[in-house]
Each structure stands twice: as C-alpha cells, then as structure tokens.
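Chains A and B supply the protein sequences, listed in that same order.
Counted the way numbering that gives the first Met the number 0 counts, the first sequence spans residues 0 to 67.
Counted the way numbering that gives the first Met the number 0 counts, the second sequence spans residues 0 to 147.
Among the hints, erroneous ones may be present.
Claimed, not checked - Using 25 Å as the maximum straight-line C-alpha spacing, the simulated SDA-like pairs for lysine to any residue come out as follows:
hint	chain 1	residue 1	chain 2	residue 2
1	A	LYS41	B	MET0
2	B	LYS140	A	VAL10
3	A	LYS41	B	LEU11
4	A	LYS2	B	ASN143
5	A	LYS2	B	THR146
6	A	LYS39	B	THR146
7	A	LYS39	B	VAL104
8	A	LYS36	B	TYR145
9	A	LYS41	B	GLY45
10	A	LYS2	B	LYS140
11	A	LYS39	B	VAL100
12	A	LYS39	A	ARG14
To be verified - With beta-carbon atoms standing in for the labels, derived distance ranges:
hint	chain 1	residue 1	chain 2	residue 2	range
13	B	LEU138	A	SER46	17 to 27 Å
14	B	ASN131	A	ALA20	41 to 51 Å
15	A	SER46	B	ASN73	29 to 39 Å
16	B	PHE22	A	GLU50	26 to 36 Å
17	A	GLU64	B	ASP144	19 to 29 Å
18	B	ASP4	A	LYS39	52 to 62 Å
Unchecked claim - Not close to chain B: a few residues of chain A, all C-beta gaps over 10 Å, as computed:
hint	residue
19	VAL4
20	GLY19
21	GLU56
22	ASP61
23	LEU63
Bear in mind the hints are in silico, worked out from the structure with no lab data behind them.
For each residue, glycine too, the CB sits at the ideal point set by N, CA and C.
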Amino acid sequence: MGKIVVNLDVVMAQRKISAGALAEKVGITPANLSILKNNKAKAIRFSTLEELCRILECQPGDILEYKE
Amino acid sequence: MWNHDKSTTLTLICTRIAAAADFTALFFVPKIVDFFIYRGTVQAEGRMPVITSVYICLVIGGVILYMLDRLLNNIKHEDIFISRNVSYLRGISWACFALCVPCLVITIYCQTFFFILLASGFMGLILKVVKNVIEKAVLIKEENDYTV
Chain A
0 MGKIVVNLDV
10 VMAQRKISAG
20 ALAEKVGITP
30 ANLSILKNNK
40 AKAIRFSTLE
50 ELCRILECQP
60 GDILEYKE
Chain B
0 MWNHDKSTTL
10 TLICTRIAAA
20 ADFTALFFVP
30 KIVDFFIYRG
40 TVQAEGRMPV
50 ITSVYICLVI
60 GGVILYMLDR
70 LLNNIKHEDI
80 FISRNVSYLR
90 GISWACFALC
100 VPCLVITIYC
110 QTFFFILLAS
120 GFMGLILKVV
130 KNVIEKAVLI
140 KEENDYTV
C-alpha cells in the first residue's frame, strides 16, 4: 500500500529556511512542524498547506509526494 | 464544592474498599458457604464446588478491581483517551464474562445466583460497547493530535 510522504525538509533546505523560522511564519508550533517533517502527521489542513506554499513559494506537489 | 476530581477520588476509595473486602473474604469463604448451607440457601452436597467457585469469583473480582483502580488512576491524571485504558476496559469486560463460569457452577446448588450470572454477563456486554466507543475515541483523538 502506498503512502503520502512529506518532503518539507528538502524544500526547506532549497529555500535555506530554518524550522523555527518557518513554524513562526506559518503560525504553527515547532512541535507540529516537526510532526509534519518527520512524516508522523495523519492529516494536513488546507490552511497550513496554503501558508507553507506561500512562504516557501512552491506548489503542494513539491511538499507532498505519493510513494508506493 | 463537589467536582469531577473529588468524584474520581471517591470512586477510587470505593474501589480500594471493595478490593480490601474482596481480599478479606478470601479468608472466610468456607465459613460463609457453611453459613448459607446452614440457612438452606445452598445445597449441602455442593459445598466443595461452591467453595471452589467462590474462590475463583473472588480472584476474578480482584483482577477486575485492580484494573478499575488503574483505569481510575489514569482518569485522575487526565489520561483518558489512551490505548491502555481501552486494554483495561477490554480486560474488565472479559473478566465479567469469565465470572459467568463459576457463577454457573454455583447456580446448580443455589438458584438465586442465576441473577448474578445474568448481571455479570450483561455488565460484560455493556463494557464491551463502552470499550468500542473509547477505542474509536482514541483513534479520533490520535488523528486530531496529528493533524497539522
């Protein structure tokens, strides 16, 4: 069974932004960002995804990937 | 002022009193059974099976009280929707069903025990439903906790 993988750390490295700074800009706690980065999240709100895409200047597909 | 915390503490105290009563009863089982044989409530030929069954009931009762104590302790510490509580509820439910077996043996020699057998089975069934509800709530809470 496939699963959705969060490639947030890759995009963050490309944009040279730290976890703390991103969490603050997106408006989520560093703990929640860590859950997202470590692929432990069960779901992601559209509002969070929108903010991530806006701040990281990317598309949802750059952050989320479906893997078999 | 009466509140949720005091209610939990009171239930915890009641559970521990019941556990102490359960433990104390272990030492007086033959005397209690003899008393009921003397009164004619229990048939005399069933003395040994009834004594054995009452011992089994008390042991299962002790297990149930232990799990209730742990469950209440978790509730007191605000750990309500956790998988460990689901395990305790599952254990208590199965223990209630298990209690039906010695109760069935006692019923052969003391018909009034049939109602305790029924009550135990029914309690096991109710707890099974409660366990299923809490199990689902644990899943929902986990999903909610991991939604970013």
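Do the hints match the structure? See the list:
For the hint pairing LYS41 (chain A) with MET0 (chain B), the CA-to-CA distance comes to about 41 Å; that exceeds 25 Å, so the pair is violated. Distance check on the hinted pair: LYS140 (chain B) and VAL10 (chain A) sit about 30 Å apart at the alpha-carbon level, beyond 25 Å; violated. In summary, the hint linking LYS41 (chain A) to LEU11 (chain B) is not supported, as the alpha carbons are separated by about 36 Å, beyond the 25 Å threshold. For the given pair, LYS2 (chain A) sits about 19 Å from ASN143 (chain B) by alpha-carbon distance, which is consistent with the 25 Å threshold.
Taken as a hint, the LYS2 (chain A) and THR146 (chain B) pair is honoured in the structure, with Cα atoms around 16 Å apart against an allowance of 25 Å. The suggested pairing of LYS39 (chain A) with THR146 (chain B) holds, with an alpha-carbon distance near 9 Å, which does not exceed 25 Å. For the proposed pair LYS39 (chain A) and VAL104 (chain B), the alpha carbon gap of about 51 Å is over 25 Å, so the pair is violated. In summary, the hint linking LYS36 (chain A) to TYR145 (chain B) is supported, as the alpha carbons are separated by about 12 Å, within the 25 Å threshold.
In summary, the hint linking LYS41 (chain A) to GLY45 (chain B) is not supported, as the alpha carbons are separated by about 58 Å, beyond the 25 Å threshold. With a C-alpha separation of about 21 Å, the suggested pairing of LYS2 (chain A) with LYS140 (chain B) holds against the 25 Å cut-off. Our distance criterion of 25 Å between C-alpha atoms is broken by LYS39 (chain A) and VAL100 (chain B), whose separation comes to about 45 Å. For a cut-off of 25 Å, the pair hint linking LYS39 (chain A) to ARG14 (chain A) stands: about 22 Å separates their Cα positions.
Remark: the range hint 17 to 27 Å for LEU138 (chain B) to SER46 (chain A) is upheld by a beta-carbon distance near 23 Å. For the pair ASN131 (chain B) and ALA20 (chain A), the supplied restraint of 41 to 51 Å holds, since their beta-carbon distance comes to about 44 Å. At roughly 34 Å, the beta carbons of SER46 (chain A) and ASN73 (chain B) sit within the given window of 29 to 39 Å. Taking 26 to 36 Å as the suggested C-beta distance range, the pair PHE22 (chain B) and GLU50 (chain A) does not conform, at roughly 59 Å.
Hint check: GLU64 (chain A) to ASP144 (chain B), Cβ distance near 24 Å, so the stated range 19 to 29 Å holds. Distance hint check for ASP4 (chain B) and LYS39 (chain A): the Cβ-Cβ separation is about 32 Å, which falls outside the suggested range of 52 to 62 Å. The Cβ of VAL4 (chain A) lies farther than 10 Å from every Cβ of chain B, with a closest approach of about 15 Å, so its non-interface assignment holds. Non-interface call for GLY19 (chain A) relative to chain B: holds, since the shortest CB-CB distance, roughly 16 Å, exceeds 10 Å.
The beta carbon of GLU56 (chain A) is kept farther than 10 Å from every beta carbon of chain B, the shortest such distance being approximately 20 Å. Even its closest Cβ contact with chain B, about 17 Å, leaves ASP61 (chain A) beyond 10 Å, as expected for a residue assigned away from the interface. Listed as outside the interface, LEU63 (chain A) is consistent with that label: its C-beta sits roughly 12 Å from the nearest C-beta of chain B, beyond the 10 Å cut-off.
Violated hints, in rising order: 1, 2, 3, 7, 9, 11, 16, 18; the structure is consistent with all others.
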